[in-house]
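Just so you know, the sequences run in chain order U and Z.
In case it helps, the numbering used here puts the first sequence at residues 114 to 481.
In case it helps, the numbering used here puts the second sequence at residues 114 to 481.
Hints were generated in silico from the structure; no laboratory data involved.
One or more of the hints may lead you astray.
A pair holds if it fits inside one copy or across any two, identical chains being indistinguishable in the list.
Stated by the list, open to error - Below, a list of computed lysine-lysine pairs in the DSBU-like style, where the Cα atoms sit at most 30 Å apart:
(1) LYS125 x LYS441
(2) LYS224 x LYS287
(3) LYS445 x LYS224
(4) LYS391 x LYS224
(5) LYS250 x LYS310
(6) LYS445 x LYS125
Each chain is listed here by its residues.
There are 2 protein chains.
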Amino acid sequence: MYSIGIGPNLRKSAYFDATVRDGVRSFSVYNHMLIPGHFGDPDAEYDRLLNGVVMWDVAAQRQVELRGPDAGRLVQYLTPRNLSKTRVGQGRYVPLCDYDGWVINDPVLLKLADDLYWLSVADSDIHLWAAAIGQEKGWDVAVSEPDVSPLAIQGPKSEDVAAKLFGEHIRNFKYFGFAETDLNGIPLVLARSGWSKQGGFELYLRDSARGAELWDLVKDAGQDFDIGPGAPNDTERLESGLISYGADMRLQIHRANPFEMGLGKLVDLDGGFDFVGKNALARIAQDGPARRHTGVIIAGDPTPPGHQVPIMSGNEEIGFVSEFAFSKRLGKNIGVGLIPSEFDPAASFDVQVDGARYSAAQTSVPFL
Amino acid sequence: MYSIGIGPNLRKSAYFDATVRDGVRSFSVYNHMLIPGHFGDPDAEYDRLLNGVVMWDVAAQRQVELRGPDAGRLVQYLTPRNLSKTRVGQGRYVPLCDYDGWVINDPVLLKLADDLYWLSVADSDIHLWAAAIGQEKGWDVAVSEPDVSPLAIQGPKSEDVAAKLFGEHIRNFKYFGFAETDLNGIPLVLARSGWSKQGGFELYLRDSARGAELWDLVKDAGQDFDIGPGAPNDTERLESGLISYGADMRLQIHRANPFEMGLGKLVDLDGGFDFVGKNALARIAQDGPARRHTGVIIAGDPTPPGHQVPIMSGNEEIGFVSEFAFSKRLGKNIGVGLIPSEFDPAASFDVQVDGARYSAAQTSVPFL
Numbered sequence: 114m115y116s117i118g119i120g121p122n123l124r125k126s127a128y129f130d131a132t133v134r135d136g137v138r139s140f141s142v143y144n145h146m147l148i149p150g151h152f153g154d155p156d157a158e159y160d161r162l163l164n165g166v167v168m169w170d171v172a173a174q175r176q177v178e179l180r181g182p183d184a185g186r187l188v189q190y191l192t193p194r195n196l197s198k199t200r201v202g203q204g205r206y207v208p209l210c211d212y213d214g215w216v217i218n219d220p221v222l223l224k225l226a227d228d229l230y231w232l233s234v235a236d237s238d239i240h241l242w243a244a245a246i247g248q249e250k251g252w253d254v255a256v257s258e259p260d261v262s263p264l265a266i267q268g269p270k271s272e273d274v275a276a277k278l279f280g281e282h283i284r285n286f287k288y289f290g291f292a293e294t295d296l297n298g299i300p301l302v303l304a305r306s307g308w309s310k311q312g313g314f315e316l317y318l319r320d321s322a323r324g325a326e327l328w329d330l331v332k333d334a335g336q337d338f339d340i341g342p343g344a345p346n347d348t349e350r351l352e353s354g355l356i357s358y359g360a361d362m363r364l365q366i367h368r369a370n371p372f373e374m375g376l377g378k379l380v381d382l383d384g385g386f387d388f389v390g391k392n393a394l395a396r397i398a399q400d401g402p403a404r405r406h407t408g409v410i411i412a413g414d415p416t417p418p419g420h421q422v423p424i425m426s427g428n429e430e431i432g433f434v435s436e437f438a439f440s441k442r443l444g445k446n447i448g449v450g451l452i453p454s455e456f457d458p459a460a461s462f463d464v465q466v467d468g469a470r471y472s473a474a475q476t477s478v479p480f481l
Numbered sequence: 114m115y116s117i118g119i120g121p122n123l124r125k126s127a128y129f130d131a132t133v134r135d136g137v138r139s140f141s142v143y144n145h146m147l148i149p150g151h152f153g154d155p156d157a158e159y160d161r162l163l164n165g166v167v168m169w170d171v172a173a174q175r176q177v178e179l180r181g182p183d184a185g186r187l188v189q190y191l192t193p194r195n196l197s198k199t200r201v202g203q204g205r206y207v208p209l210c211d212y213d214g215w216v217i218n219d220p221v222l223l224k225l226a227d228d229l230y231w232l233s234v235a236d237s238d239i240h241l242w243a244a245a246i247g248q249e250k251g252w253d254v255a256v257s258e259p260d261v262s263p264l265a266i267q268g269p270k271s272e273d274v275a276a277k278l279f280g281e282h283i284r285n286f287k288y289f290g291f292a293e294t295d296l297n298g299i300p301l302v303l304a305r306s307g308w309s310k311q312g313g314f315e316l317y318l319r320d321s322a323r324g325a326e327l328w329d330l331v332k333d334a335g336q337d338f339d340i341g342p343g344a345p346n347d348t349e350r351l352e353s354g355l356i357s358y359g360a361d362m363r364l365q366i367h368r369a370n371p372f373e374m375g376l377g378k379l380v381d382l383d384g385g386f387d388f389v390g391k392n393a394l395a396r397i398a399q400d401g402p403a404r405r406h407t408g409v410i411i412a413g414d415p416t417p418p419g420h421q422v423p424i425m426s427g428n429e430e431i432g433f434v435s436e437f438a439f440s441k442r443l444g445k446n447i448g449v450g451l452i453p454s455e456f457d458p459a460a461s462f463d464v465q466v467d468g469a470r471y472s473a474a475q476t477s478v479p480f481l
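Hey, can you work out the whole structure from these sequences and the hints?
Right, dumping it as structure tokens:
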């Protein structure tokens, strides 16, 4: 166990003080910001996520704001997904690719107005990417990072907590729907979203000075539902088939394209619009992707080593498992990875962890 | 004290296993990669840096490679510093700005060939920035992150260690000079550089599979000089007036321009070349920068809180100290920050730390 150096080079979340007070025990770093890892009882946090309600400081999920007459033009150029039917108040999962078609982030897009969008980004500096492209195109759009700090409430009882805070009408929110609102005068955007498949909401706080206040309002409203603090959960995300940019794919490590990651249906090559990586993705679509995303079930009891592990077929390294974990619900070690497209879907292989080999079978995702 | 979550979303350095074996106790995160913070005895690491020799895993200082006929054109467009006289084998400190003139990184540039450059970057994704600009310009240059992992040896005895490893000729290396070489067949670039003012070298390992091997070669060669592991040292960098991108300035927090940071002499507005932010920087040069970088000496015994603190003049918040630390050599608390340009250089002010006020005086940097 190693400590984390908490210094001025890492940003602190708007909820940092509140999470420290409430017992955070571990941090990671995401978008140059500290993000809680757990609060000392990972099992309880997992159980709350599945059966109750948990609250997460996900302020490190930073927003990249595109504002101006050409904001819509820029955002469509940044993603292969067709946004022509996206309405104000709708969120969209939008993979972003570079000019070679490799995924460089997979944000949720929030369309706040025809000339105002937020990209709620995973862990890479899309702020720089979007600003460079907008400026070099000569488009009339300002790119910035606004003062926005998401707080997630996730789990089957999260709707009850949100209803208690905001009123019964929020039960009608569609998935990824959002609205601008406030809570005791705290400005925020409320969205039905979050990085789990257990249902929930994200409160996009718009005034970082009021982080502790919002944290406590949510905590108080959740008392009747036994709410507790937690963090995005690796086991649940594997069970649910959620992709993690940075773990499952990172430009500098994996060079994965959307077709390989199972996101091909979001790539619109025939939509009549141009986007970054279009030529490369058209070629890949024609030739077929080299690899495919797969679930794996691993026999035995390997310990997750904190990094990806090789997939071996005989003596050949044919791919990797980016992350695995023991699923209590399934009673199995489950993981995800990339293997060659032509590899027999019925064949098994080995996963190599700390020098030992463990037999593994392919399966589709999600697991649950 | 909080632990750090070591998972697949954070990259591990080529020296990770070696640093764990040699007792690393704390990590930070830089460019999405774990970087050692200390090895359990910060005082000994500071003393070795000042009086002996210390070895640092700085692989998180990633390289952004620009390769192709237009590589030189792109790198000159990325920085306000005039590179027309930079020769192959010369390093250069090159601030990078965005289109508004705000600093977005301050790498060391290595010119390996007329069509091949590395930017050894601080903590932001210049890979994305440079790739977007090169592509949108339509220039013939490939931007990538090569397999390069710097290891630094720093301190007055580092030259002896380098000479033992590479031969006596390295004593003739000029500051920021570098050469491609190898060590027992391990390919690397050797540079006289490093993030301290105690002298030293950086070994840019070009094969991450051989990280532990290189680490041990350096460790063995350094035994006669009592080498020990360490990490970039906040106290020494403050004493020496080195800027830390991320702490002293970060686009999303500080919006600082090169003139404010004391880097104005590196901005060439009359060099006859275009660069990102030129118009904005010309305006700032004409109007004068709003703030200036200053050293501060703080009375009393405040504890560094791990984040920047406000500078108060009476009841007005006029600026901030980005970082401060107790300098054993000076017997004082020293720090750096930004204050309004027009503020009387002879006037004192208060620094507010955890609700208490401490009187502080301005001073020039470096302190030593």
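Hint check results:
For the homomeric pair LYS125 and LYS441, the shortest alpha-carbon distance between copies (28 Å) is at most 30 Å, but the shortest distance inside one copy (33 Å) is not. For the identical chains of this complex, LYS224 and LYS287 are intra-copy neighbours only, at 15 Å inside a copy versus 54 Å across copies, given an alpha-carbon limit of 30 Å. Neither within a single protomer nor between protomers do LYS445 and LYS224 lie at most 30 Å apart by alpha-carbon distance, with minima of 40 Å and 52 Å respectively. When the C-alpha separation of LYS391 and LYS224 is checked against a cutoff of 30 Å, the pair qualifies only within one copy, where the shortest distance is 23 Å, while the shortest distance between copies is 32 Å.
In this homomeric assembly, LYS250 and LYS310 never come within 30 Å of each other (Cα to Cα): the closest approach is 38 Å inside a single copy and 42 Å across copies. When the C-alpha separation of LYS445 and LYS125 is checked against a cutoff of 30 Å, the pair qualifies only between copies, where the shortest distance is 27 Å, while the shortest distance within a copy is 36 Å.
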